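Chemist: In the order they appear, the protein sequences are chains A and B. The first sequence stops at residue 453 when you use this note's numbering, and every number in between is there. The second sequence stops at residue 635 when you use this note's numbering, and every number in between is there.
Think of the hints as simulated: they come from the structure by calculation, not from any bench. Keep in mind that this is a model prediction, so the values were computed, not measured. A portion of the hints provided could be inaccurate.
[Claimed, not checked] DSBU-like cross-link-like pairs, simulated, lysine-lysine; straight-line CA separation at most 35 Å: (1) Lys614(B) with Lys410(A); (2) Lys410(A) with Lys609(B); (3) Lys224(A) with Lys276(A).
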Amino acid sequence: MNTEERQLAEMLHRVTPEPPRRVTVEDVAFRLVGEAGQARGGDREPRLRRGLGSLGRGRGWAPALAAAAVVVVAGASAGIATAMSSRHGHTTSPGDVMTPSSASVSTPATSAAPSQPSTSTEPTWPPEPIASGMWGAELINRQSFTQASLAAGTAGGSLYGSLYAFAPGYLDRINPVTGNVVTQVSYTSPIPGFPNRPVVTGNTVWVLSSYSGSSVVLTGYNGKTLAPAGTVTVPVSGQVSSAPQGVLASGQDGDLYVAAGSAVAVVNPQTHQVIKRITIPGQVNSLAIAPGGEKLAVAIGAFRLIAYELVTDTQISSSSLNSGGPGGNLIATSGGIWGTVGVGMTERVWFAPNANLSNVVMVSQGVGAGLDSVPTFSGGAVWIGGSQRLACADPATGQVLASTAIPTDKGIVEYFGSVTVASGSGRTYALYQNQAAQQFGVATLTPSGACWG
Amino acid sequence: MLASVEVLPVDGHPSEPDGFRDFVEARSSALLRSGWLLTGDWPSAEDLVQTALAAAWPRWATLTRQDAPELYVRKIMVNTFLRWRQRRWTGEIATGRLPEHAYADVFAQIDARQALIAALDRLPARQRAVVVLRYFADQTEAQTAAAMGCSVGAVKSHASKALARLRDAPGLAELMTGGVAS
């Protein structure tokens with residue numbers, strides 16, 4: 001090597017960072033499982049079994065072991081991974097009621113004023129059928145949004161039917177009929193690499209405005225005008241997670257739940273007070289509240305899923321999966337907990353019936369190419385997108401009710417994700433990306449009738 | 454109830470080969486760093502490394518007998534990378550997920566890494582692969598040629614052209630003369 005080559009070699013060794021995580025044998029095993037599964041049938045979606053589609057959709061996490069037989073277990077299907085169970089005693093972890101003085105409240109005085117890019121009731125662009133679009137996909141908006149950031153106003157509120165999403169540098173309110181961005185406010189996620197959607201409760205849209213070290217700050221915006229409505233500084237127990245994926249959620253009563261280090265803080269969105277703190281035995285990477293609002297699930301480490309009964313503040317289950325990485329993007333349905341694990345091609349969506357990972361089933365392959373496959377629970381169904389298939393599943397059993405292949409354009413994958421059903425209209429929306437055609441935006445979908453049970 | 458994953462034999466594949474876990478634990482960091490240089494982001498680097506290790510799994514006994522498991526894994530990584538580039542996969546990296554976060558005390562490092570990846574992005578895929586194999590993985594010209602399925606002369610040619618392009622890349626000259634510490 002000459003001098004220049006030696007300098008290049010030295011610089012490559014010096015500048016190239018250490019990886020954030022190592023590859024494990026288990027990662028490779030899961031990869032082999034996926035390849036084996038595809039080689040056998042080429043199926044990327046779970047097969048349905050007849051006769052199990054009418055299980056109830058109660059609010060509790062009723063035992064849903066049938067789901068394990070309905071949705072193909074990615075590992076077990078290829079005979080490579082199997083769940084091994086052992087018994088551990090449950091411990092209770094009562095929530096600590098906090099005094100209002102432990103939270104600081106302020107109304108931001110310096111926040112950027114919202115702007116109104118479009119007040120027109122006519123669409124800026126007419127809806128455009130998406131090439132090879134499945135489920136009647138039509139593009140109603142041509143703006144690039146952050147993956148997995150689409151959210152809808154809650155039923156019964158004045159924000160009925162409104163859509164919200166993060167765009168680079170902004171929180172946008174989107175007209176669900178025209179697709180126009182009608183209001184926007186400056187906003188940059190404090191954790192840009194991780195999916196975290198806005199949370200709508202009452203008339204306010206809440207976002208994370210700070211999330212690092214020992215600082216968690218929530219900011220609320222008026223759901224119609226996006227004018228600042230207040231901030232809540234949440235005390236952190238220790239340090240916040242370095243892999244925060246879905247750390248803000250709302251309960252049925254509208255209270256906000258946010259992961260704050262080794263605790264979950266409960267915030268009253270009306271008074272902007274932290275009203276309760278639930279101590280968790282580890283940094284919380286993700287959380288979800290059951291549809292009835294009576295149960296909380298958290299993912300910690302790499303990873304353990306813990307469920308709490310919120311009425312009595314007791315831990316009701318704890319199970320773990322040796323996944324080599326954190327679990328994230330939790331959602332809670334009547335049948336259990338859904339979430340993601342892994343990154344890239346190994347990112348998978350899983351379903352834990354009854355919030356128990358010993359019965360976990362994998363419901364999607366990884367999406368790869370930097371795309372996310374984050375499950376959503378909207379309109380009474382669970383939606384799983386990505387770059388391979390778009391599927392809806394039964395929230396009680398985990399059974400895939402319908403799915404469709406996501407097309408490619410010139411050999412490059414397209415992406416549908418963050419599926420959201422608008423309250424009121426019942427229209428279904430998804431964020432769409434087509435890198436080959438440089439098309440991005442919000443798409444409307446007409447899913448299979450099977451998705452509605 | 455707790456659950457853990459136990460690795461069992463895969464249909465058509467042998468169970469976890471002897472020495473495979475030791476290799477993965479010892480070398481995955483170096484392989485991932487090579488993958489990062491090839492692809493420019495960690496998720497793709499993980500894809501690349503996992504693809505190569507999955508290919509090596511069923512052939513592990515043969516590879517260890519030949520004392521060449523790492524050469525084989527790197528060969529699969531490079532060929533997979535070149536195949537992705539032919540399919541234009543690098544053109545579809547989404548904007549929603551940033552490769553890493555910049556904290557106040559590491560801005561210089563982040564800038565250096567971004568300059569490096571931007572410079573490598575200017576290279577055709579085969580030139581980039583030669584740079585990674587020769588100058589990061591410290592492979593000989595003959596080993597690089599074997600991994601890429603080309604002649605030693607072609608490796609020399611790719612290396613020469615790559616160096617010429619990197620010379621003109623913004624910010625890289627300073628990095629090569631030791632501008633930023635890790």
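Chemist: Look at each hint and say if it fits the structure.
Modeler: Here's how the hints hold up against the structure:
1. Lys614(B) with Lys410(A): 30 Å, holds
2. Lys410(A) with Lys609(B): With a Cα-Cα distance of about 34 Å, the restraint between Lys410(A) and Lys609(B) holds, given a limit of 35 Å.
3. Lys224(A) with Lys276(A): 29 Å, holds
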